[in-house]
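Colleague: Chains as they are written, first to last, in the working numbering: chain A, -18 to 198; chain B, -18 to 198; chain C, -18 to 198; chain D, -18 to 198; chain E, -18 to 198; chain F, -18 to 198.
These are computed hints drawn from the structure, not numbers from a lab.
Be a bit skeptical, because a hint or two may be false.
[What the hints assert, rightly or not] For each label pair, taking beta carbons as the anchor points, the in silico distance ranges come out as:
(1) B:Glu(-6) / E:Glu131: 56 to 66 angstroms
(2) C:Glu140 / F:Glu4: 36 to 46 angstroms
(3) F:Arg78 / E:Lys126: 53 to 63 angstroms
(4) A:Ser163 / E:Cys169: 49 to 59 angstroms
(5) F:Glu(-4) / C:Ser28: 46 to 56 angstroms
(6) B:Ser121 / A:Glu(-4): 53 to 63 angstroms
(7) F:Glu(-4) / E:Asp122: 29 to 39 angstroms
(8) C:Asp176 / F:Ser108: 56 to 66 angstroms
(9) B:Ser121 / D:Glu(-3): 50 to 60 angstroms
(10) E:Ala(-17) / F:Arg143: 54 to 64 angstroms
(11) F:Gly106 / C:Arg32: 51 to 61 angstroms
(12) D:Pro134 / E:Asp61: 32 to 42 angstroms
(13) C:Pro134 / F:Ser108: 51 to 61 angstroms
(14) E:Asp61 / F:Gly60: 39 to 49 angstroms
[Unchecked claim] A short list of chain A residues far from chain D (calculated; beta carbon distances all over 10 angstroms):
(15) Ser121
(16) Asp123
(17) Ile186
(18) Thr197
From a predicted model like this one, the values you see are computed outputs, not experimental measurements.
Glycine included, each C-beta is placed from N, C-alpha and C at the ideal position.
Below, each chain spelled out in residue letters.
Protein chains: 6
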Amino acid sequence: MAVVVKLSGRIFEDEELVLKYAEAIKSYGVKIAVVTGGGELARRYISAAKRGGASNTFQDLIGIYASRLNALLLISLLGDAYPKVPTNIEEFLEAWRSHRVVVAGGFQPGQSTATVAALVAEAAGASVLLNAANIDAVYSDDPRKNPKAERLPHLKYDEFERIVRSSSLPGGYELMDVWSISILRRNCITVYIFDGRRPEHIGAILRGENPGTKITC
Amino acid sequence: MAVVVKLSGRIFEDEELVLKYAEAIKSYGVKIAVVTGGGELARRYISAAKRGGASNTFQDLIGIYASRLNALLLISLLGDAYPKVPTNIEEFLEAWRSHRVVVAGGFQPGQSTATVAALVAEAAGASVLLNAANIDAVYSDDPRKNPKAERLPHLKYDEFERIVRSSSLPGGYELMDVWSISILRRNCITVYIFDGRRPEHIGAILRGENPGTKITC
Amino acid sequence: MAVVVKLSGRIFEDEELVLKYAEAIKSYGVKIAVVTGGGELARRYISAAKRGGASNTFQDLIGIYASRLNALLLISLLGDAYPKVPTNIEEFLEAWRSHRVVVAGGFQPGQSTATVAALVAEAAGASVLLNAANIDAVYSDDPRKNPKAERLPHLKYDEFERIVRSSSLPGGYELMDVWSISILRRNCITVYIFDGRRPEHIGAILRGENPGTKITC
Amino acid sequence: MAVVVKLSGRIFEDEELVLKYAEAIKSYGVKIAVVTGGGELARRYISAAKRGGASNTFQDLIGIYASRLNALLLISLLGDAYPKVPTNIEEFLEAWRSHRVVVAGGFQPGQSTATVAALVAEAAGASVLLNAANIDAVYSDDPRKNPKAERLPHLKYDEFERIVRSSSLPGGYELMDVWSISILRRNCITVYIFDGRRPEHIGAILRGENPGTKITC
Amino acid sequence: MAVVVKLSGRIFEDEELVLKYAEAIKSYGVKIAVVTGGGELARRYISAAKRGGASNTFQDLIGIYASRLNALLLISLLGDAYPKVPTNIEEFLEAWRSHRVVVAGGFQPGQSTATVAALVAEAAGASVLLNAANIDAVYSDDPRKNPKAERLPHLKYDEFERIVRSSSLPGGYELMDVWSISILRRNCITVYIFDGRRPEHIGAILRGENPGTKITC
Amino acid sequence: MAVVVKLSGRIFEDEELVLKYAEAIKSYGVKIAVVTGGGELARRYISAAKRGGASNTFQDLIGIYASRLNALLLISLLGDAYPKVPTNIEEFLEAWRSHRVVVAGGFQPGQSTATVAALVAEAAGASVLLNAANIDAVYSDDPRKNPKAERLPHLKYDEFERIVRSSSLPGGYELMDVWSISILRRNCITVYIFDGRRPEHIGAILRGENPGTKITC
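Turn these sequences into a full structure, and let the hints steer you where they fit.
Modeller: Next up, the structure:
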């Protein structure tokens, strides 16, 4: 069983959390491809670049470099990961053939790391994508504003896409975007969205549980 | 003045047309970045791959290889183009610094060549993108079905996006997609859509004319 | 047992045939290195390039790109092939160490894909090269012109080279050239030439049969 | 005149400072090679890696990635810098031939960025290295502990090396190490050490002033 | 005027000679592409490899590495050469666009450096190839054996090819082979063969003289 | 058990010796990383470069190319070595994951091959480094000058470093330098220094003997 884990860049703000994710990944014997976001590091550097007049292209490249630094940190904590951070899908494919774990950051400007995670899932032939997100599940509305917002443990892709397009979901773009959704949907990949502060959910999901939201086609 | 020219892959079905585009590009002294689609060649190979069970990832890679073959053909017809086909935005940036003309195909799965053209325009700091398309202009409706369809020589991005989202525009995805539109819009790049069978329109546009549709922010 | 299969580019004109070759390669458990020619695709693009004044260097590079597109198509149809198209012999060697199947196109201008196949056979330590050719066997004369032309099921390298040098053999250069012959001969690699429209001959040859011509040192 | 500027990684903690250095580099028309350290970013990530049991090799690679992120940020703020971060001296040489400004981070484990700056100075044929340091000059003793410490505006390499070897100099290793000193000395490169919080000192030094310490052979 | 200079590897046995060639290349302001052979260094290493059972592939690769070491030495003696040794024709093309001098060694197994020189001449659009050879001119027969051997200052390609094919020419294969001859002939490149121990002949040839043998189409 | 073997470049002056080392490496089933020096070949080429005014950077690069030619020769004599010469630590790490034997030369200017051997030992997680040196053991003084010099079969790192820093040890820099010593010490890697003309000592050391000097932390 091959799974893809998308780690929100925010996880890398918390050293403890990164170490726990490394432990989790080491402990489960499945083939795992991890995609890391750039997080606060990326935002900080992009903000400085923007202030100084950098082009969007360079802002994107900076975000990618930040995500790769996060990826390399995770690699350094694992024993058997491919020792480099692949920079495009062909490098990923090559590494995936002979390593149990491969960790990537961004690939190219114009693609969010959520999209990269979806492309990696497609390339890896993974049937499952675990999204360690900034929210603990998908809700019908922003639970921080609307106490009546309904927690949605199961969604079909159509429903999920509708919610993502609306602006009521916190995390918005960083959770998923319509592009990544379309790639995942066309391969009928099941997505689990769970609270990124809870690495133990990876084990729970691999055992068949659903600690957050499960999206199917 | 730096311009980007997006050449629909269909142009490469017609040897005469390719030769004329080469002549046009050689004759105008401006800095030009060209992005070539995969065309019928890509479609044919992708169809064979699909039949044989190839993954979407490989189908995309095949389309990219086809677009790069088209790009190389064009390079071979120009005297002063960067002699290689850049495979990502950093290679493009590097080549663009020291060559008047750079010709690219696709970069990575998950990005249409329309998106690549938009990213290249952004990276090149181009103010204008010329789209040698499969239609001669943008219409309010499909002119082949509705004789009353109105030819639209000038559009704002909002209007253009609305039309693209609707299914009434022939060419649809291959013309532009919402992703490329958003990249172009955020850099306020002017887009000219014209009949790809008329290479002479490049000169017309450079002279300030508008033979098809002009889209501005 | 490691074998090399040289696929004439013409095979890629026929979708059915490509799919059958993929099946054949998947079914035999031996280590296989495949080298694909550029075929009609290459000829068409080279012709356009030549018309437009492209240098011989670029014409050769175009032929190489075409052969690599064919190679990638084949890779996409196999499950366990090295996922990239090696571009030189060192990349081939690296891939060959850890993959059952590796598919290459051309390497460098100045080398026919027949020569590349010979170099790959040498590098792979293969004892056998299967040439899926445009003719079904080697004849003493062009059988299409001379009905008395003798079919030659067994040849020594000397005899084969004499026939290749003479102009009576259809296919001529695309079959083999003196350079590839000398590389094969110095490693004493056995060559089987068979009808490229008959993928089932691969299995026959692996079972010890000789459906066309067998060349030994 | 070609100069090398070594920017302590700490500069990248201060967005204002980075923007000012970008302005300074843009304003002086000389050929400039910049080498950026990893700073606090590197230390933070290396510390996390170390906690999790990462090898020294990976700790070094993480430091290098951090320094390259800093380098890329600086590149994004300049208009005419080589658009990539060279990863070794040959890439640097290639970029240096055709760009006024090149910005590098670390190259390989086992080399401090101070050493990289020295190697780059040697490769670039620079006669001057400007070290934007964590101290404002070299002192005979640690001025923070010994109020009688003497500020040393001029030093010969011998004297400087003696001071670096002793532990009384704050900044120690990050300022310079004996390896970088030997490389600089053998090429008789003049080093200016100045307060890294004062980008305007670059201009002063280029005008012939000495705001901190000047080291000559 | 662009010229290609082929330097026999034997030149690199003589330090004085290498230094003189560097001076010659520096002094003439024309665009020069140099291709260096592996010489005695290659022969010694290949012999050791062969003794130890190395494959032909590796023997060829060793010869290529040796030729590249020679190339790098020459680069180090020139001020404005492309700072790297291109490893294939595309790298050569890229370097040739922006450097007055480019120095290459071998490219791939299966190609003599004479062939590489011919391919480089074709790619560079050079009209002239200067072959600093192991003989001082072409003779009708081996002058060391037949005192009546006629020195041939002018030859057409047909005549030259006939002589090369016969075994009477000393140097034989290392001078030129039929493959390089065919590439040179199809581009109508003029070849000058002269005594490799006389670097001053380069200047003579550039001035219109013919110190050895001149071959034209 | 993973070991690193550092082969002095002088070994490559003696064809017999190289063949014996190849045999030794093939016969022991352990994972071995080999680092080869440039030897006399490097010295000869560097001397020529220096005479002609080459920069230190190019002198170092020439030394690296020479060491890589030696590495390739050794690779060609082994059956299962990674088929390429890694050029930096990341390439080494990648190769080391899937090959029993990897052979490298130098990586970057500014690092002796002794330092590269130490970095490779650190990256490979090796506990032992075997240094096939130009001396048969470490002595308290130069045994060629002082007949009373004491042979030292066992040393701690402190003692060894003291001896290396003093000028009394023949071989000096080429044996080890303080930089490599510090890398080895921080990983507590045991070093065996033995007579490089005696390949059979590798087997002896693997069997637990100490034919020369053993250095521990």
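Colleague: Take the hints in turn and mark each one as holding or not.
Modeller: Evaluated hints:
1. Evaluation of the 56 to 66 angstroms hint for B:Glu(-6) and E:Glu131 yields a pass: the beta carbon distance comes to about 58 angstroms.
2. Separated by about 41 angstroms at the C-beta atoms, C:Glu140 and F:Glu4 satisfy the suggested range of 36 to 46 angstroms.
3. The beta-carbon spacing between F:Arg78 and E:Lys126, approximately 58 angstroms, falls within the hinted interval of 53 to 63 angstroms.
4. Take A:Ser163 and E:Cys169: their Cβ atoms lie about 55 angstroms apart, and the range 49 to 59 angstroms holds.
5. Separated by about 52 angstroms at the C-beta atoms, F:Glu(-4) and C:Ser28 satisfy the suggested range of 46 to 56 angstroms.
6. At about 57 angstroms, the CB distance of B:Ser121 to A:Glu(-4) agrees with the hint of 53 to 63 angstroms.
7. Between F:Glu(-4) and E:Asp122 the Cβ separation comes to about 36 angstroms, which falls inside the hinted range of 29 to 39 angstroms.
8. Checking the proposed 56 to 66 angstroms range against C:Asp176 and F:Ser108 shows it holds: the Cβ atoms sit about 59 angstroms from each other.
9. B:Ser121 and D:Glu(-3) have their C-beta atoms about 51 angstroms apart, which keeps the hinted 50 to 60 angstroms range intact.
10. Remark: the range hint 54 to 64 angstroms for E:Ala(-17) to F:Arg143 is upheld by a beta-carbon distance near 59 angstroms.
11. Taken as a hint, the range 51 to 61 angstroms holds for the pair F:Gly106 and C:Arg32, whose Cβ atoms sit roughly 59 angstroms apart.
12. At roughly 38 angstroms, the beta-carbon separation of D:Pro134 and E:Asp61 lies within the given 32 to 42 angstroms, and the hint holds.
13. Judged by the Cβ atoms, the range 51 to 61 angstroms given for C:Pro134 and F:Ser108 holds: they are separated by roughly 60 angstroms.
14. Checked against the hint of 39 to 49 angstroms, the pair E:Asp61 and F:Gly60 passes, with Cβ atoms roughly 44 angstroms apart.
15. At roughly 37 angstroms, the least C-beta separation between A:Ser121 and chain D is larger than 10 angstroms, which holds for a residue marked as non-interface.
16. Distance check on A:Asp123: its Cβ is at least 31 angstroms (rounded) from any Cβ of chain D, clearing the 10 angstroms threshold; non-interface status holds.
17. Against chain D, the non-interface label of A:Ile186 holds: every CB pair exceeds 10 angstroms, the least being about 23 angstroms.
18. Non-interface status of A:Thr197 relative to chain D is upheld: no Cβ of that chain comes within 10 angstroms, the nearest being about 35 angstroms off.
Hint check: no violations occur; every hint is consistent with the structure.
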